[in-house]
Amino acid sequence: MKFKCKIVSRGYAEGEALVSREHISFLGGVDKDTGVVVADSDLKGQSVAGKILIFPGGKGSTVGTYVLLNLKKNGVAPNAIVNRKTEPIIAVGAVIAGIPLVEVNDEVFFEMVKTGDRLRVDAKNGYVELIK
Amino acid sequence: MYLTKEEERMLNSENETIRKCMEILVAVGETNDAERLVEITSAHISGVSYDNIGDAGLEWLESLDGRVRVPTTLNPAGMDLKRWREMGISEDFYENQMKVLEVFEKLGVEIVLTCTPYYLSRPKFGEHIAWAESSAIVYANSIIGARTNRECGPCALAAAIIGKTPYYGLHIKENRAPTITVKIKGNLAAAGYIGGKELKDEIPYFVFEREVEEWELKLLGAALAASGNTVMFHAEGITPEWEDFEKPSEKIEISGELKAECEPDLITIGCPHTSGQELETILKLLDGRKVKKEFWIFTSRKVFSEKRDVVKKLETLGVKVFNDTCMVVSPATQRFECVMVNSGKAFNYLPSMRKVNVAFGNLKRCVEEAVKG
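Protein sequence lines, in the order shown, are assigned to chains F and S. For the first sequence, the tail end lands on 132 under the numbering used here, and the numbers increase by one without skipping. For the second sequence, the tail end lands on 1373 under the numbering used here, and the numbers increase by one without skipping.
Hints are supplied without guarantee of correctness; some may be wrong.
[Stated by the list, open to error] Simulated crosslink set (BS3-like; lysine-lysine; CA at most 27 Å straight-line):
{"hint": "1", "chain 1": "F", "residue 1": "124", "chain 2": "S", "residue 2": "1005"}
{"hint": "2", "chain 1": "S", "residue 1": "1200", "chain 2": "S", "residue 2": "1183"}
{"hint": "3", "chain 1": "S", "residue 1": "1364", "chain 2": "S", "residue 2": "1302"}
{"hint": "4", "chain 1": "S", "residue 1": "1185", "chain 2": "S", "residue 2": "1259"}
{"hint": "5", "chain 1": "F", "residue 1": "73", "chain 2": "S", "residue 2": "1106"}
{"hint": "6", "chain 1": "F", "residue 1": "32", "chain 2": "S", "residue 2": "1355"}
{"hint": "7", "chain 1": "S", "residue 1": "1099", "chain 2": "F", "residue 2": "73"}
{"hint": "8", "chain 1": "F", "residue 1": "85", "chain 2": "S", "residue 2": "1284"}
{"hint": "9", "chain 1": "S", "residue 1": "1312", "chain 2": "S", "residue 2": "1284"}
{"hint": "10", "chain 1": "S", "residue 1": "1302", "chain 2": "F", "residue 2": "72"}
{"hint": "11", "chain 1": "S", "residue 1": "1284", "chain 2": "F", "residue 2": "32"}
{"hint": "12", "chain 1": "S", "residue 1": "1320", "chain 2": "S", "residue 2": "1355"}
{"hint": "13", "chain 1": "S", "residue 1": "1259", "chain 2": "S", "residue 2": "1364"}
{"hint": "14", "chain 1": "S", "residue 1": "1312", "chain 2": "S", "residue 2": "1293"}
{"hint": "15", "chain 1": "F", "residue 1": "85", "chain 2": "S", "residue 2": "1197"}
{"hint": "16", "chain 1": "F", "residue 1": "6", "chain 2": "S", "residue 2": "1005"}
{"hint": "17", "chain 1": "F", "residue 1": "4", "chain 2": "S", "residue 2": "1020"}
{"hint": "18", "chain 1": "S", "residue 1": "1312", "chain 2": "S", "residue 2": "1364"}
{"hint": "19", "chain 1": "S", "residue 1": "1099", "chain 2": "F", "residue 2": "72"}
{"hint": "20", "chain 1": "F", "residue 1": "73", "chain 2": "S", "residue 2": "1020"}
{"hint": "21", "chain 1": "S", "residue 1": "1251", "chain 2": "S", "residue 2": "1185"}
{"hint": "22", "chain 1": "F", "residue 1": "85", "chain 2": "S", "residue 2": "1200"}
{"hint": "23", "chain 1": "F", "residue 1": "124", "chain 2": "S", "residue 2": "1020"}
{"hint": "24", "chain 1": "F", "residue 1": "32", "chain 2": "S", "residue 2": "1099"}
{"hint": "25", "chain 1": "F", "residue 1": "114", "chain 2": "F", "residue 2": "124"}
{"hint": "26", "chain 1": "S", "residue 1": "1355", "chain 2": "S", "residue 2": "1293"}
{"hint": "27", "chain 1": "S", "residue 1": "1020", "chain 2": "F", "residue 2": "72"}
Hint data in this document are derived by calculation from the structure and do not stem from the laboratory.
Chain F on its own, in the form it takes in the complex (with noise of 0.2 Å):
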């Protein structure tokens, strides 16, 4: 099933969905050694290596720019970014590391998209695709 989202990071991934229902800014409470969410979340303990990362948005995040880099250099980065509504600081991260990142706005995607699900991010065409 095909989803329309507006691109914000250019790219294209595939992976397993890890999802979060929280509006929080953990980007800045990932371990940048090992891509595992430290920060208090319903993702704590769970690694965002190779994933495609899926969370409502971020809260003004106050993390600098370069998390996102951290984690790509260090080969834990997730694969891409599916946000509903995401926030400036780690949209930029996203474009300075190379990593997909769009918006979804559509109710449905969020309610069927479950951790472990395969997706393909289009961030060159526009669409995020369910494969289950």
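Please arrange chain S on chain F, whose structure you already have, making use of the hints.
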């Protein structure tokens, strides 16, 4: 977001630097629902300290191959480029910091190393600019009437290389209207520190009960942006756009009083960097008395050389006047126990960034503390 044909071409450029910079502007524009880009007349970049950007950031900056298209200035570094040894800066830190500066220089950025670029070259009223130092952003919007959003460091760099920035927020006149009336009493820097937490992202309309100096407004704005998210304020009868909008009906009062005491072993002035007028005021307050404690002033190299006679007199009284850095971004402050400041911004950042205790006093009190020993 609408892009012109030329902008589209840049977004798909063979040149990776141009493409990346354009992608950054589009990302910022899309997330803020900007309708288009707007040409800028200057850029100011933050994120200069090696501490701050780390190896990954440095590597990314080194990968950029291009030149800025508009006059672009750079925020303070972690040390005085000439007198770093005197500040107690290590050889290692010096070398890493110089690497960062070389990268910016290669891109055509002016290595002015100041948070007060408006004392070097003042933007004109109504000009669109892309600035990334929170205190300078408030100053430019409020006191000058130039227009900038709160740009992130790499965003301002990307804007400088493209010569444009996304058109949203404070670039649009109607978004510059005040949202709350705030009556201020007492010390402005203290009021800014207290007010920032309360006002968050409001655009305050200030009413003062006495005459205020330009540098007091600077300290107020810097403190608001440090403890909160303020990007602009209006001041009744003072700032250039104060009459352009309806006066907000919601009213609050803030009293600028900060009780923070410890026995200072260092007293610092210059967050943001001092103006020539502030240097003269300090000299006047000292009134020929020598300082008996470490008393450091931070200013830009330009103000320093313009006011060389004042600086010389200050230094004969035992004051140290440093350039290129400040008490917040330099690790030099770390070896002290208690640092006294007249800045709400330094008051906000010193405990977390430099692990020192802070005492607060107005400029006069800072000077008296230094001479009493």
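Each hint, compared with the structure:
no.: 1; hint: F:124 - S:1005; result: holds (18 Å)
no.: 2; hint: S:1200 - S:1183; result: holds (16 Å)
no.: 3; hint: S:1364 - S:1302; result: holds (25 Å)
no.: 4; hint: S:1185 - S:1259; result: holds (15 Å)
no.: 5; hint: F:73 - S:1106; result: holds (24 Å)
no.: 6; hint: F:32 - S:1355; result: holds (24 Å)
no.: 7; hint: S:1099 - F:73; result: holds (20 Å)
no.: 8; hint: F:85 - S:1284; result: violated (54 Å)
no.: 9; hint: S:1312 - S:1284; result: holds (14 Å)
no.: 10; hint: S:1302 - F:72; result: violated (40 Å)
no.: 11; hint: S:1284 - F:32; result: violated (51 Å)
no.: 12; hint: S:1320 - S:1355; result: holds (22 Å)
no.: 13; hint: S:1259 - S:1364; result: holds (16 Å)
no.: 14; hint: S:1312 - S:1293; result: holds (18 Å)
no.: 15; hint: F:85 - S:1197; result: holds (25 Å)
no.: 16; hint: F:6 - S:1005; result: holds (20 Å)
no.: 17; hint: F:4 - S:1020; result: holds (24 Å)
no.: 18; hint: S:1312 - S:1364; result: holds (20 Å)
no.: 19; hint: S:1099 - F:72; result: holds (22 Å)
no.: 20; hint: F:73 - S:1020; result: holds (17 Å)
no.: 21; hint: S:1251 - S:1185; result: holds (14 Å)
no.: 22; hint: F:85 - S:1200; result: holds (21 Å)
no.: 23; hint: F:124 - S:1020; result: holds (15 Å)
no.: 24; hint: F:32 - S:1099; result: holds (23 Å)
no.: 25; hint: F:114 - F:124; result: holds (24 Å)
no.: 26; hint: S:1355 - S:1293; result: holds (20 Å)
no.: 27; hint: S:1020 - F:72; result: holds (16 Å)
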